[in-house]
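Listed in order, the protein sequences are those of chains W and B. All the letters of the first sequence, read from the start, carry residue numbers 1 to 159 under the numbering used here. All the letters of the second sequence, read from the start, carry residue numbers 1 to 184 under the numbering used here.
Note that these hints are calculated values from the structure, not bench results. Careful, some of the hints might be misleading.
[Unchecked claim] Have a look at the derived ranges for each label pair, beta carbon to beta carbon: (1) B:A106 to W:L111: 41 to 47 angstroms; (2) B:P51 to W:S5: 45 to 51 angstroms; (3) W:I7 to B:L48: 37 to 43 angstroms; (4) W:S5 to B:I3: 39 to 45 angstroms.
[Said to hold, decoys possible] SDA-like mimics (lysine to any residue), calculated; alpha carbons at most 25 angstroms apart, straight line: (5) W:K16 to W:Y55; (6) W:K57 to B:E23; (7) W:K16 to B:L65; (8) W:K57 to B:F45.
Using N, Cα and C, we set each Cβ at its ideal position, and we do this for glycine too.
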Amino acid sequence: MNGMSPIVQTVARFAKVFILLFGIYLTFTGHLSPGGGFAGGVVIACLYILLTLAYGKKSAFKYFPRKAASGLDSVGALIFLLVACLGLGFGGVFFANFLERNYPGASFSLLSAGTIPVNNIAICIKVASSLFLVFIIMAAARVIEKKDGTRDFKQDEEE
Amino acid sequence: MGIELILIIILVFILLGSIIAVEIRDLLSAVISIGVVGFGISIAFLFLQAPDLAIVQIAVEVVLLILLIRATIGKGVKTTHAHINWPSLFLVVILCLGFVGFACVAFQELEFGAPVTANNPQAPTNYYLKHGLAETGSANIVTSVILDYRAYDTLGEATVLFTAIIGALAILRGRARKKKGDKE
Numbered sequence: 001m002n003g004m005s006p007i008v009q010t011v012a013r014f015a016k017v018f019i020l021l022f023g024i025y026l027t028f029t030g031h032l033s034p035g036g037g038f039a040g041g042v043v044i045a046c047l048y049i050l051l052t053l054a055y056g057k058k059s060a061f062k063y064f065p066r067k068a069a070s071g072l073d074s075v076g077a078l079i080f081l082l083v084a085c086l087g088l089g090f091g092g093v094f095f096a097n098f099l100e101r102n103y104p105g106a107s108f109s110l111l112s113a114g115t116i117p118v119n120n121i122a123i124c125i126k127v128a129s130s131l132f133l134v135f136i137i138m139a140a141a142r143v144i145e146k147k148d149g150t151r152d153f154k155q156d157e158e159e
Numbered sequence: 001m002g003i004e005l006i007l008i009i010i011l012v013f014i015l016l017g018s019i020i021a022v023e024i025r026d027l028l029s030a031v032i033s034i035g036v037v038g039f040g041i042s043i044a045f046l047f048l049q050a051p052d053l054a055i056v057q058i059a060v061e062v063v064l065l066i067l068l069i070r071a072t073i074g075k076g077v078k079t080t081h082a083h084i085n086w087p088s089l090f091l092v093v094i095l096c097l098g099f100v101g102f103a104c105v106a107f108q109e110l111e112f113g114a115p116v117t118a119n120n121p122q123a124p125t126n127y128y129l130k131h132g133l134a135e136t137g138s139a140n141i142v143t144s145v146i147l148d149y150r151a152y153d154t155l156g157e158a159t160v161l162f163t164a165i166i167g168a169l170a171i172l173r174g175r176a177r178k179k180k181g182d183k184e
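One chain only, chain W, in its complex shape (with noise of 0.2 angstroms):
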């Protein structure tokens, strides 16, 4: 996949720094206003999407190489778990929201509500490097269709 126009690619070089803020603010704002680790995530892919869009394959696996973005995957989901497990251990419950329990932080302010801005984290790096992924999935797959009308599933060359 190559770039596209240099206009597309001025205005991709403007818009990213803004985009990937978005999605920072909506995770880190999940627990007082509308949005959380699902959608921040999601903008984040975007992100990407169109940074490979714009400048081509090569250029954003320099940002976020595949096995990188693989490896973001798992560790997001074991963060969760991890989490998870710590509530087990210090509140007696899967899931406890112990950190609340002991240091709770004041209403409306960016560090209170314990456990759930951490998970909120956990979600958007998850979320983000997996939509990236299905993305790279999907562009390198081609289904081509031969001369007596059969169609032929092809994979890309990677990298």
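Once you've looked at the hints, dock chain B against the given chain W.
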């Protein structure tokens, strides 16, 4: 202008978009018509006071639309050869009429924007609304439900996504993995 009128307009747009998406010959136009459905649902969520769902819906819709467009702009899959199939067209008309009739009944019976659970004091929603902020410290009650009261469901959802990615990576990879001793 009441909220019912806005919802009816959005529903008509969604119906038109889905019918066009099924019947049109060009696959790219069909994908873009499907976008009408997603964005219409997102605006409907916004008017029904569910901004969390609206944000997720609009973000997923953008990703999904890009993915579908990317998948359809391949070689040789641009147009389909569809001819009018009268039995299925009849079925489509009946389903549309049923949908419109159900919408009419729903708009007459339900009062949009009013919480249904006010009639039922035993509903768990009332408990979450009353004690959610004090027990979890989260100002957004939706987040306090999905990441504290019902976090187990969210774990299952994350597991579903993880398994789907693993399956897609395993099936759609370029070449089979070879052991050291294997030959071509």
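Going through the hints against the structure:
Between A106 of chain B and L111 of chain W, the C-beta spacing of about 43 angstroms keeps the proposed range 41 to 47 angstroms intact. In this structure the hint that P51 of chain B and S5 of chain W lie 45 to 51 angstroms apart at CB is violated, the actual value being about 35 angstroms. For the pair I7 of chain W and L48 of chain B, the beta carbons lie near 38 angstroms from each other, so the given range of 37 to 43 angstroms is met. The supplied range of 39 to 45 angstroms is met by S5 of chain W and I3 of chain B, whose beta-carbon atoms lie about 43 angstroms from each other.
Restraint check for K16 of chain W and Y55 of chain W: the C-alpha separation of about 12 angstroms stays at or below 25 angstroms, so the hint holds. At roughly 34 angstroms between alpha-carbon atoms, K57 of chain W and E23 of chain B are farther apart than 25 angstroms, so this suggested pair is violated. For the hint linking K16 of chain W to L65 of chain B, the alpha-carbon distance of about 19 angstroms falls within 25 angstroms, and the restraint holds. For the proposed pair K57 of chain W and F45 of chain B, the alpha carbon gap of about 35 angstroms is over 25 angstroms, so the pair is violated.
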